[in-house]
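One-letter residues, chain by chain:
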Amino acid sequence: MARLTAMVRYLMTRLAMAIPTLFVIVTITFFGMRAAPGGPFDQEQTLPPEILSNLQTAYGLGLPVWTQYLRYLDSVAHGDFGPSFKYKDFTVSELIVQGLPVTLTLGATAILVALVVGISIGVLAAVHQHSMLDHAAISLAVLGVAIPSFVVLPALALLFGIHLHWLPVAGWEPGQPKFLIMPVVALALPPLAYIARLTRGSMLEVLHSPFIRTARAKGLPLRTVIVRHALRPALVPVASFLGSAVAAIMTGSLVVESIAGLPGIGRYLVQGAVNRDYTLVLGMVIIYSALLIFMGLLIDIVYAWLDPRIRAS
Amino acid sequence: MQDATARFFANRIAVAALAVALGIVLLSIVGPWFNPNRPDTLDWLHVAARPGTPNAHWFGTDRLGRDLFVRTLEGTRVSLAVGLLASTVSVLIGVGYGAIAGYIGGRTDLIMMRIIEILSGLPLIFFVIFVTVIVGRSVYVLFACIGAVAWLTMARIVRGQTLSIRQQEFVEAAVACGATPSRIILRHVVPNLLGTVVVYATLSVPQIILLESFLSFLGLGIQVPSASLGSLVADGAGELQAAPWILLVPGSFLAVLLLCLNLCGDGLRDALDVREG
Numbered sequence: 001m002a003r004l005t006a007m008v009r010y011l012m013t014r015l016a017m018a019i020p021t022l023f024v025i026v027t028i029t030f031f032g033m034r035a036a037p038g039g040p041f042d043q044e045q046t047l048p049p050e051i052l053s054n055l056q057t058a059y060g061l062g063l064p065v066w067t068q069y070l071r072y073l074d075s076v077a078h079g080d081f082g083p084s085f086k087y088k089d090f091t092v093s094e095l096i097v098q099g100l101p102v103t104l105t106l107g108a109t110a111i112l113v114a115l116v117v118g119i120s121i122g123v124l125a126a127v128h129q130h131s132m133l134d135h136a137a138i139s140l141a142v143l144g145v146a147i148p149s150f151v152v153l154p155a156l157a158l159l160f161g162i163h164l165h166w167l168p169v170a171g172w173e174p175g176q177p178k179f180l181i182m183p184v185v186a187l188a189l190p191p192l193a194y195i196a197r198l199t200r201g202s203m204l205e206v207l208h209s210p211f212i213r214t215a216r217a218k219g220l221p222l223r224t225v226i227v228r229h230a231l232r233p234a235l236v237p238v239a240s241f242l243g244s245a246v247a248a249i250m251t252g253s254l255v256v257e258s259i260a261g262l263p264g265i266g267r268y269l270v271q272g273a274v275n276r277d278y279t280l281v282l283g284m285v286i287i288y289s290a291l292l293i294f295m296g297l298l299i300d301i302v303y304a305w306l307d308p309r310i311r312a313s
Numbered sequence: 314m315q316d317a318t319a320r321f322f323a324n325r326i327a328v329a330a331l332a333v334a335l336g337i338v339l340l341s342i343v344g345p346w347f348n349p350n351r352p353d354t355l356d357w358l359h360v361a362a363r364p365g366t367p368n369a370h371w372f373g374t375d376r377l378g379r380d381l382f383v384r385t386l387e388g389t390r391v392s393l394a395v396g397l398l399a400s401t402v403s404v405l406i407g408v409g410y411g412a413i414a415g416y417i418g419g420r421t422d423l424i425m426m427r428i429i430e431i432l433s434g435l436p437l438i439f440f441v442i443f444v445t446v447i448v449g450r451s452v453y454v455l456f457a458c459i460g461a462v463a464w465l466t467m468a469r470i471v472r473g474q475t476l477s478i479r480q481q482e483f484v485e486a487a488v489a490c491g492a493t494p495s496r497i498i499l500r501h502v503v504p505n506l507l508g509t510v511v512v513y514a515t516l517s518v519p520q521i522i523l524l525e526s527f528l529s530f531l532g533l534g535i536q537v538p539s540a541s542l543g544s545l546v547a548d549g550a551g552e553l554q555a556a557p558w559i560l561l562v563p564g565s566f567l568a569v570l571l572l573c574l575n576l577c578g579d580g581l582r583d584a585l586d587v588r589e590g
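Protein sequences appear in the order of chains A and B. Number 255 in our numbering belongs to position 255 of the first sequence; there are no gaps in the numbering. Add 313 to a position in the second sequence, counting from 1, and you land on the number used in our numbering.
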């Protein structure tokens, strides 16, 4: 019980630290964007000066940068990310509300698939070491790590979409999971391969340790030994890889969304930065950082559950 | 060292991968000499032509009638150059940083490693996207960004190795002889790191090529009319339905190259017996 309260206290501290972290990130992004050459209203055709100044007044860009910064912080604190400069009829919050569910569904499914399939393959390969299955698993691990998702996804689309007509080539309709299958596979493959490799390696190590031999000697069936005893210690390296896996899936979803034509928020980050859409980029940065911090917390909890030594300290 | 070479060449997969990788490198250099087409010539009579159409378009042409064979080889050269240069930069920074942190130890080590920890916690691709957008898109910015991202792993590994080397007798002997820390790091620590560094440098080349093609795919890396494998794949992704070879040619070059480089790195790791992590 004492341990649990310690864990809760630790997590609360981490949560409390998230706010200053976000604050620093927002500040750096805000001033970085303003320091960059160019502005949101640069176009091929230069606007007449009166219109430009009217636009700048309307968006508050005429004010001193510090005032703008304070006004922005104030509105974010009230949950308002401001209007988008390029998507004229939308506020950044509206764009996020529209796109975030798609991005989250894609990312969460990809992580789940990578974990479940990767761990299963790794365990099976370790249990049947040197079998055909093991060799197949190792080949998959090498291939999956090497081949980028923006090659895998078009190749899948070509095969299953254009030639076999099993799945839609690209696009999105709400509530239709078939549009997500290929993007999820492409996105999950690299971390899946790495997780399979990590699990296989650590499982082999754990299976040769004395406490497993004891459990086997007691006459427990292999299945029970693996599920009840070997799996938890074997998953520690996987848990420490999870942070990078989440980051990889987040960045991967930037390209996967664009290839598959999914209306997520990935496209706004790059486009917003290129367009100098200040509020949109800031909103994206806040959302992505908050997601990362949240995932970091989640991973810490999993880690503590897997490895009692970490819980103690 | 001879043992390691023998072990590497006994590993058939690694040797085959090395041969294929070298073959691709060689092809990307000499290949264009054998094809009459130039990478930036537009052949309006053969736009998005199938592989094997006349005018020596062995791999077909893209949407603007540019020869895919020559263009893919050019892209391969660019990707390889970025990979090699950026990984050299990251090795130099990473080894220097890691060896200093590991050798000096104490609070310096603590602070230096804390910095690495913070940096690797951030999804650095966002940082790279951000910098390329703010500073502008140029090859130098690309190099600097990728190099700045890639040294972190190297530094962490080198530091770990340095910590164990530092405790060995020959370092103690060097200290007793009055050698300065910088001399010990350069003459005694770094040479002993060589195996580890070679392995991770080899493994970092495909990672950097991947990162670069990712950025080029997003339109933030190599700019037209130059091409890298990533930007070629991006071009092809839009033509998937009508002309899949525009994607498949550079895509398979990229996939095979990355695969072979990874296999070489794995083979080297096994041969030099370098522990992961």
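It cannot be assumed that every hint is accurate.
Some chain B residues close to chain A (C-beta under 8 Å, calculated; not the full set) [stated by the list, open to error]:
(1) 440
(2) 442
(3) 452
(4) 454
(5) 554
Because the hints were derived from the structure by calculation, they are not lab data. Ideal Cβ positions, reconstructed from N, Cα and C, are used throughout, including at glycine.
- Task: May I ask which of the numbered hints given earlier this structure violates, with the numbers listed in increasing order?
- Result: 1, 3, 4
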